[in-house]
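We have chain A; now place chain B onto it with these hints.
Protein chains in written order, with my numbering: chain A, 1 to 311; chain B, 1 to 311.
Honestly, I wouldn't trust all of these hints.
One copy or two, either will do: identical chains are not told apart, so a pair holds if it fits within one copy or between any two.
To be verified - Lysine-lysine pairs mimicking DSBU-like chemistry, simulated, CA-CA at most 35 Å apart:
#1 K28 - K127
#2 K130 - K106
#3 K15 - K28
#4 K202 - K28
#5 K202 - K2
#6 K202 - K130
#7 K130 - K2
#8 K202 - K239
#9 K2 - K239
#10 K202 - K15
#11 K202 - K127
#12 K2 - K106
#13 K2 - K217
#14 K15 - K130
#15 K28 - K53
#16 K127 - K106
#17 K53 - K106
Bear in mind the hints are in silico, worked out from the structure with no lab data behind them.
There are 2 protein chains.
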Amino acid sequence: MKYCFGVDIGGTTVKMGLFSTEGELLDKWEIPTRTENGGEAILPDVAASIRKKIEDRDMSVSEIVGAGVGIPAPVDAAGVVQSTANLGWGYKEVKNELQDLLGGIKVEAGNDANVAAMGEMWLGAGKGEKNVVMVTLGTGVGGGIVIDGHMLVGENGAGGEIGHMFVNPDEEETCGCGLRGCLEQYASATGITRLAERRLAKNDDQTILRGQSLNAKVVFDAVKAGDEVAVQIAEEFGKYLGEAMATLAVIVNPAVIVIGGGVSKAGEVLLPYIERPFRERAFFADRDTRFVLAVLGNDAGICGAARLILG
Amino acid sequence: MKYCFGVDIGGTTVKMGLFSTEGELLDKWEIPTRTENGGEAILPDVAASIRKKIEDRDMSVSEIVGAGVGIPAPVDAAGVVQSTANLGWGYKEVKNELQDLLGGIKVEAGNDANVAAMGEMWLGAGKGEKNVVMVTLGTGVGGGIVIDGHMLVGENGAGGEIGHMFVNPDEEETCGCGLRGCLEQYASATGITRLAERRLAKNDDQTILRGQSLNAKVVFDAVKAGDEVAVQIAEEFGKYLGEAMATLAVIVNPAVIVIGGGVSKAGEVLLPYIERPFRERAFFADRDTRFVLAVLGNDAGICGAARLILG
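Okay, chain A solo, but in the shape it has when bound (with noise of 0.2 Å):
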């Protein structure tokens, strides 16, 4: 049997995992991720742990394939990092030097949005397909484009960044990224939660929402309940997601649309918001797309790192 190891580099864990090359998770675990002295110590403790399982298993290096690295950041074909937000890495040949430490055991790296979309084709919702987008619905919105089997990375490591699509040209308030208008402004937990904020205050209808704490759980829960006003705000979340949805088809023609995230776990009463607007805007060839819920949840990564060294 032949192994590849999945290393998910997090700002505070590394998630790390052994599979198998047919898929198998055969073992998986945590070391913390040391983010001090730029974080200098984070890919030698990757490799120690590497070497380390594979000597506690009796395993020999013939038998492994590689070992892929998912990064929160942008990482270009060449898997070199510029910068990272919470690694404390600057300019960085992460492939390089992991394989350097490894000796010579193959390396890939990626951003941990491409990542995760590749574990969700190989091992998760998309499993048998080969286009694939993953919308990660969180404090952002994430993405994550697998054209033919590969990560789409493009020119400088920031492909898929989705949640910057331009959707709304009327928005006033600004992104985080200093744009106005980007999808993340509506469809990540705290764009829902300002949907619903806006419109609490438009006027005085009743809802089981008013005096809550908002947020998106609460509003999708008050979905479940029926109740009208959560309702309006879910379809104008979805009608933002469906519709950039839509656009997205029209360049990529994906199979599928994994939506995951923290929003995700609302489930699947989600969907229909979602895929109604993205249905009336599709085009022909891409009607057929289906919409469905991530499964691997917090092992997308450590999936799709491993999955990044089978090609």
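Frame of chain A; chain B shown alone:
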């Protein structure tokens, strides 16, 4: 020396080229496209023409790396077409059929707009780049996307249909595709004519455009002559196209966007009208994306088709 053929099948003629694998165009010719009887003669004609060229130039089949074909229809990753508007074909396994007709010479097939983007990347305005978008502003708006040197084909060959990006929720007229507010309604030759007609109908502002038969050339000639109303029309055109390219860039993060098609014959005057709204709306990682005019003209198809065969 090794050779490859590039074949660009159009509704009236098939353009053909013989290239060295280093990218030198050695010979170029055309044959008529015989669309009668479901287009049954088209691929046999192409194969006969290639065989004759091999014979005439006294080449050996072992020197031929293969033949690439561009087709005016969606073509999936297996080289299969479902239907065509202009060739008479319904379902057709282009890659397999032509491969058989050529006695095993390797064949690849792609959509003509995607293939043209490959051509501009290989030998034209995107030379030296691996992440290239080509926008063809003709009767409609066509698009081709090259990611890491490979065509973005998509699930059913409909990747890169840039003309049907959703750019205006307020549009009341219907696009040829049946939707409303597609980029093609503003950025194609017919779209520019429409914008001009609307602008002139708005009020009595003085302009040299009045009384002329309006089209994209007339509008951009007036822009060059300093006509203020024409400049406003160019700004509206550029705002739709530039903002759409900002959203496209957020998704595919290209190094360069190549502007081609009939409208691009207006020349360099066109670019600032697209670039200005692009830069205002571009995500920070995409601000270095360059805009350039296509340079290969009608040869983009044969160049890109030949390039398909080089992987």
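Taking the hints in turn, this is what the structure says about them:
1. K28 - K127: within (21 Å within a copy, 45 Å between copies)
2. K130 - K106: both (23 Å within a copy, 24 Å between copies)
3. K15 - K28: within (8 Å within a copy, 56 Å between copies)
4. K202 - K28: neither (49 Å within a copy, 66 Å between copies)
5. K202 - K2: neither (60 Å within a copy, 70 Å between copies)
6. K202 - K130: neither (44 Å within a copy, 49 Å between copies)
7. K130 - K2: both (23 Å within a copy, 32 Å between copies)
8. K202 - K239: both (19 Å within a copy, 31 Å between copies)
9. K2 - K239: neither (45 Å within a copy, 53 Å between copies)
10. K202 - K15: Answer is neither; intra-copy 44 Å and inter-copy 61 Å both fail.
11. K202 - K127: neither (43 Å within a copy, 54 Å between copies)
12. K2 - K106: Answer is both: 13 Å inside a copy and 33 Å across each meet the 35 Å cutoff.
13. K2 - K217: Classified as neither; 42 Å inside a copy, 62 Å across copies.
14. K15 - K130: For K15 and K130, both the intra-copy (25 Å) and inter-copy (33 Å) Cα distances are at most 35 Å.
15. K28 - K53: within (10 Å within a copy, 60 Å between copies)
16. K127 - K106: Close inside one copy (25 Å) and across copies (31 Å); limit 35 Å.
17. K53 - K106: Answer is within: at 16 Å inside a copy they meet the 35 Å cutoff, but 45 Å across does not.
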